[in-house]
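Visitor: The lines below spell out each chain.
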Amino acid sequence: TQLLEQSPQFLSIQEGENLTVYCNSSSVFSSLQWYRQEPGEGPVLLVTVVTGGEVKKLKRLTFQFGDARKDSSLHITAAQPGDTGLYLCAVYGSSNTGKLIFGQGTTLQVKP
Amino acid sequence: GAVVSQHPSWVICKSGTSVKIECRSLDFQATTMFWYRQFPKQSLMLMATSNEGSKATYEQGVEKDKFLINHASLTLSTLTVTSAHPEDSSFYICSARKGLVFQPQHFGDGTRLSIL
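Going down the list, the sequences are from chains A and B. In terms of this note's numbering, the first sequence opens at residue 1 and continues consecutively. In terms of this note's numbering, the second sequence opens at residue 1001 and continues consecutively.
If you are wondering where the hints come from, they were derived from the structure by calculation, not from laboratory data. Among the clues, some could well be false.
Said to hold, decoys possible - Here are some of the chain A residues that sit facing chain B, going by a computed Cβ distance under 10 Å: (1) 7; (2) 9; (3) 10; (4) 11; (5) 31; (6) 37; (7) 42; (8) 45; (9) 70; (10) 92; (11) 102; (12) 104.
Quantities reported herein were computed from a predicted structural model and do not represent experimental measurements. By construction, the Cβ of each residue, glycine as well, lies at the ideal position given by its N, Cα and C atoms.
Generate coordinates for the entire structure from the input sequences, incorporating the hints supplied.
Guide: Shown next, in the form of structure tokens:
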């Protein structure tokens, strides 16, 4: 079983639409990270959420950490073709080695 | 700052050959580097953790003799895929961390490996 369950796995929408991506777990985390990866490139860190209930905004992207720190969501307002990519949530594993564990990812395609 | 460079970005080779991929931290010293593998439309799977001057720690199911990792300096780690076969074709990504355990990882741009 996956530690982090992301949904949906694939999303194809028109430019201007809103969307939400979810990252869920039954475990509690001290922090959670969101990355975006474009084809042929490495992932780029978008945000780290730390506090339960925390909301962070990055332009049209809104990130929320669940009150119980078990889940997170990423909401994109008025999506643009430049938002196309693979969105990944990630947490540190339990071994205190700093290893990141990634969710399955959400592939987003925004059509012009 | 915190730039990580991978080389080569793309390599094609014949089955049975060995391929070396380099991961360099260009503007910081990386005590720890990580190697990931990613199949098309899938997430990153950690292969191994590499600490400078010591043996790499491999994740369960990753063959140590197949994927040789060397972290000889604070700015360079290498992954050698030995006797590569078509099933080893994948996107390999490294990341580097400056120091403390929960410092951010900085990712390279990946190496696309195609084995014919």
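Visitor: The structure should be examined with respect to each hint, and the outcome stated for every one.
Guide: Taking the hints in turn, this is what the structure says about them:
1. Hint on residue 7 of chain A is violated. Least Cβ distance to chain B is approximately 13 Å, over the 10 Å limit.
2. Interface restraint check: residue 9 of chain A against chain B, minimum CB-CB distance 9 Å, threshold 10 Å, status holds.
3. Residue-level restraint check for residue 10 of chain A holds (minimum Cβ-Cβ distance to chain B is 8 Å; threshold 10 Å).
4. Interface restraint check for residue 11 of chain A: the shortest CB-CB distance to chain B comes to about 13 Å, outside 10 Å, so the restraint is violated.
5. Among the interface hints, the one on residue 31 of chain A holds; its C-beta lies about 8 Å from the nearest C-beta in chain B, closer than the 10 Å criterion.
6. This hint holds: residue 37 of chain A has a C-beta 8 Å from the nearest C-beta of chain B, less than the 10 Å allowed.
7. About 3 Å separates the beta-carbon of residue 42 of chain A from the nearest beta-carbon of chain B, less than 10 Å, and the hint is met.
8. A least Cβ separation of about 6 Å between residue 45 of chain A and chain B falls short of the 10 Å threshold, and the interface hint therefore holds.
9. This hint is violated: residue 70 of chain A has a C-beta 19 Å from the nearest C-beta of chain B, more than the 10 Å allowed.
10. Interface hint status for residue 92 of chain A: upheld, as the beta-carbon distance to the closest one in chain B is roughly 6 Å, under 10 Å.
11. Look at residue 102 of chain A: its Cβ gets to within about 5 Å of chain B, closer than 10 Å, so that hint holds up.
12. Look at residue 104 of chain A: its Cβ gets to within about 5 Å of chain B, closer than 10 Å, so that hint holds up.
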